[in-house]
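*Asks:* Residue-level listing of the chains:
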Amino acid sequence: MNNLLGRLTWDDVKLFEVFEEFSIDSAVASGAAWVAVLGLVAVLAWITLARRWVWLWREWLTSVDHKKIGIMYIILGFVMMARGIAEGVVMRTHQATALDGGFLSNHHWAELFSTHGTVMIFFVGMPFITGFMNYLIPLQIGARDMAFPLLNQVSLGLTTTGAILVMASLVLGAFETGGWTAYPPFTGADFDPGPGPDYWIWAIVLSGFGSMFSGLNFAVTIYKMRAPGMHYLRMPVFCWTALCTSILLVFALPPLTVAGLMQALDRVAGFHFFTNDLGGNMMNYANLFWMFGHPEVYILILPAYGIFSELTSTFAAKRLYGYTSLVLATMSIAVISFCVWLHHFFTMGQSPTINVAFGIATAIIAIPTGVKVYVWMATLWRGRIRMTTPMVYMAGFFILFTIGGFSGIILANPAINWQVHNTQFIVAHFHNVLLPGLIFGIFAGIHIWFPKAFGFRLDERAGTITAVLWIVGFAMTFLPLYVVGLMGYPRRSAAFADPAFLPYMIVCLLGAFVLLAAFAGLFVTLWISIRNREALLVPLGDPWDGRTLEWATPAPPPHWNFPVIPEVNARDAFAREKAEGKPYVVPQEYRDIHMPPNTSSGFWVMLATTGFGFGMTWHIWWLAVASVISILVWYFIHSFRDHPEVVIPAVEVRRVNQAWIEAIDLGKPITRDHETGTKNRGYAATDMVIAS
Amino acid sequence: MSTQENIHPGMNLGYEGETHVAELKVFGFWVFLMSDLVTFGLVFAIFGTMVGATAGGPGPEDVTNLRSVALQTALLLGSSFAFSWASLSMKYHETRLRTLGWLAIAATSALCFLIVEFLDFRHWLEIGAVPQRSGYLSALWALVGLHGLHVFAGLLWMAAMTGQIIVFGLTDIVKSRVTRMGLYWHFLDIVWVGIFSMVFLAGVA
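So the protein sequences, as listed, match chains P and C. If you read the first sequence in full-length UniProt numbering, its first letter stands for residue 1, the second for the next number, and so on. If you read the second sequence in full-length UniProt numbering, its first letter stands for residue 1, the second for the next number, and so on.
Treat the hints with care, since some could be wrong.
What the hints assert, rightly or not - Simulated DEER-style distance windows between Cβ atoms:
hint	chain 1	residue 1	chain 2	residue 2	range
1	P	Asp190	C	Phe81	30 to 38 Å
2	C	Leu156	P	Met387	57 to 65 Å
3	C	Phe81	P	Val335	35 to 43 Å
4	C	Ile115	P	Val646	44 to 52 Å
5	C	Ile190	P	Ala685	58 to 66 Å
6	C	Phe44	P	Ala357	20 to 28 Å
7	C	Phe44	P	Asp190	26 to 34 Å
8	P	Ile410	C	Ala153	43 to 51 Å
9	P	Ile75	C	Arg67	54 to 62 Å
No lab work stands behind these hints: they were computed from the structure. Glycine included, every Cβ here is placed at the ideal spot set by N, Cα and C.
Build out the structure end to end from the sequences listed, making use of the hints.
*Replies:* Below, the structure is given as structure tokens:
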């Protein structure tokens with residue numbers, strides 16, 4: 001039995017830890033494990049009771065529709081975010097009691113900040129942006145699907161694999177304690193032989209392959225599948241940011257994969273890449289990791305910039321000011337982001353010359369980001385701004401993100417960096433850019449595109465309250481960390497001795513509760529909106545007087561997106577059509593549409609790679625080998641089978657499109673003043689469009 | 001984006017609507033190769049930083065057998081050469097036999113490469129040049145092994161393609177797959193030239 005399960009033993013099951021030896025620490029650990037297990041059981045039971053298995057399998061799990069895959073990514077992001085936020089609240093509670101110790105053990109504390117970082121970056125941020133890119137790219141460039149729909153599904157499977165492994169560490173064994181960066185030799189076999197670092201390695205490497213393939217897919221889609229007339233400089237800005245993110249994904253994921261696999265070789269096979277002895281060099285790990293890690297920051301933030309760009313021009317009813325500058329700025333960021341990685345370890349022994357070079361490069365990358373802020377401000381200038389939920393997020397983003405950006409410029413100076421490195425100042429800085437930057441962008445984006453995806457708007461009042469809670473909660477939780485950081489509070493320390501930190505930590509704790517409320521607010525908003533969905537329906541598809549092609553479809557769009565591939569002759573194609581008074585053109589003839597067939601590939605890849613990662617983590621070698629062989633054999637068989645495309649007959653396309661056009665003809669256009677009212681069915685009056 | 005611009009000239013595809021798909025897939029595969037090249041580049045870079053990290057164990061002069069490396073180079077480049085003939089016969093001849101023949105030569109040559117490489121590996125084990133001995137040897141095994149693993153994967157791919165040519169004939173889909181396989185195969189040659197010169201030649205220079 002022991003051999004069959006590798007090194008996994010009954011003692012690794014954390015559910016019962018609390019019953020064997022009670023302490024607050026073990027109660028938190030076991031409690032988290034129970035929440036994970038019961039949560040899973042509850043979801044499975046709910047699906048069974050609601051008799052939704054067949055529906056789930058046919059409509060979602062085997063679908064290769066980019067829209068559904070995008071939505072699944074975002075759901076995955078929210079599930080993992082629930083865990084990340086819960087961990088954040090536990091950590092803040094600990095820190096509020098951490099004067100001369102706290103209620104968690106040091107080990108458990110270290111595990112918490114490691115999982116929190118890993119979850120939030122790889123399994124919240126990444127699924128969110130990948131989900132948005134999936135949903136929006138084909139719709140915005142006028143395509144029917146991704147270039148490689150099956151690969152797209154496999155990418156989702158691989159990302160889910162990583163998430164499953166991280167969740168498994170909650171129940172079986174423990175996660176690593178070396179932070180989200182997992183620097184060896186601390187995470188090497190000598191200092192942590194346990195399963196923790198292995199969970200990290202395989203979660204990151206396997207989901208990393210998924211991200212790389214996503215980037216490849218998006219890049220090829222944007223390069224090759226744009227609608228006729230959609231020149232590069234006519235693409236919506238979101239597509240530009242998505243393209244740059246995709247390029248970064250293709251080039252920046254390999255260093256992470258290489259670092260992870262070398263670390264695995266060190267741990268499992270006794271290699272000496274990053275060990276202390278026999279010629280190992282951990283600096284190689286630091287360099288590899290941050291060659292990925294710094295572009296990763298921009299991988300996450302660029303699509304959010306794209307969302308903010310679409311947001312400003314739509315909700316200020318103006319065309320984007322400085323489109324070309326914004327595109328150039330985005331491209332510059334993509335390139336320069338590969339030249340700054342060393343600023344993550346200024347203190348780790350390079351010569352001052354090298355530090356200065358990277359310090360200057362870091363300061364330079366702030367310039368294109370500054371360009372963007374001015375572009376957004378100029379777009380808002382003299383626009384007729386509607387202060388709806390997305391714009392509330394935007395307002396919070398503007399102020400808070402600028403503070404975060406400034407603290408980044410401060411950190412770019414190696415001399416200052418030496419003073420504040422490894423303090424809470426750093427924690428404040430990166431939360432300050434990721435939360436108001438990435439997360440506010442995502443939530444604003446959800447408010448904008450949720451009606452497109454599901455056919456009804458989100459409740460405006462609940463949404464605005466939630467947005468304000470996020471802004472206030474963020475400011476309370478993270479801004480005080482700048483102060484304690486400058487006072488010398490080291491990050492990642494389980495306890496502190498200086499009573500002067502305590503008041504700040506209590507403010508942080510209160511802020512964490514506000515953030516928890518804000519997170520709950522998202523679900524309250526969703527709940528209220530679902531209950532009132534009759535009043536919020538926008539089947540005609542254009543609730544915000546949108547400017548780009550995705551708004552020229554019904555909500556939700558049909559599986560095939562467009563009845564005929566649109567011809568594009570200007571930037572902001574849909575806004576131009578509306579300004580010229582000829583939107584919703586009826587196609588002259590309909591043709592059969594060929595769509596890729598459903599497949600269970602992604603699901604099986606997910607199962608097999610989860611088996612592989614789990615086997616490698618627990619040294620269950622037969623499972624790892626069997627998983628690899630099963631993937632190879634499956635792929636071999638798959639390549640020999642014919643996969644006929646699904647043909648949607650022209651009559652059906654015509655029927656769906658005609659019904660929509662007729663509904664528009666019957667509908668009443670709504671001016672922007674009535675945008676949030678119940679009369680908004682998604683037919684926008686063009687009272688404010690300035691197209692060119 | 002008219003379809004005329006997208007016809008892939010290297011494959012002589014039938015004109016039944018597969019051309020656009022072939023273009024997408026070949027382009028996507030180029031992107032994948034770029035990413036893979038970054039991977040190899042990083043392993044090369046790590047190797048470069050670890051050349052001196054022998055920790056008193058076997059060094060470059062102990063693991064380099066130039067005769068064996070020359071043989072491996074000839075076999076791998078020969079395999080690539082044979083593959084390019086397979087690609088050409090796929091383009092210009094309708095009979096599948098000629099393509100299959102060249103593929104068989106390419107596969108045999110690559111298999112011999114792996115065998116000779118394996119003999120080298122065995123020699124390294126015999127003289128105690130195991131990857132657990134030093135940072136240098138870790139990097140050496142990882143770099144040469146990663147390339148060998150790619151060649152092995154390529155052989156599996158070639159086996160699958162042989163099967164598909166026999167089952168389906170030279171259809172557009174098969175042609176597109178063989179073309180991508182060719183890119184991969186020549187790509188591995190370029191990587192090998194890097195290994196040959198940076199690891200072995202520079203090691204004993």
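*Asks:* Each hint needs a verdict: does it hold in this structure or not?
*Replies:* Hints versus structure:
1. A hinted range of 30 to 38 Å for the beta carbons of Asp190 of chain P and Phe81 of chain C is inconsistent with their spacing of about 47 Å.
2. Leu156 of chain C and Met387 of chain P have their C-beta atoms about 59 Å apart, which keeps the hinted 57 to 65 Å range intact.
3. At about 37 Å, the CB distance of Phe81 of chain C to Val335 of chain P agrees with the hint of 35 to 43 Å.
4. For the pair Ile115 of chain C and Val646 of chain P, the beta carbons lie near 46 Å from each other, so the given range of 44 to 52 Å is met.
5. For Ile190 of chain C and Ala685 of chain P, the hinted distance range of 58 to 66 Å is satisfied, since their beta carbons lie about 59 Å from each other.
6. Judged by the Cβ atoms, the range 20 to 28 Å given for Phe44 of chain C and Ala357 of chain P holds: they are separated by roughly 23 Å.
7. The hinted range of 26 to 34 Å is satisfied by Phe44 of chain C and Asp190 of chain P, whose Cβ atoms lie roughly 27 Å apart.
8. In this structure, Ile410 of chain P and Ala153 of chain C meet the distance hint of 43 to 51 Å, their C-beta atoms being roughly 48 Å apart.
9. Distance hint for Ile75 of chain P and Arg67 of chain C: a CB-CB separation of about 59 Å, consistent with the stated range 54 to 62 Å.
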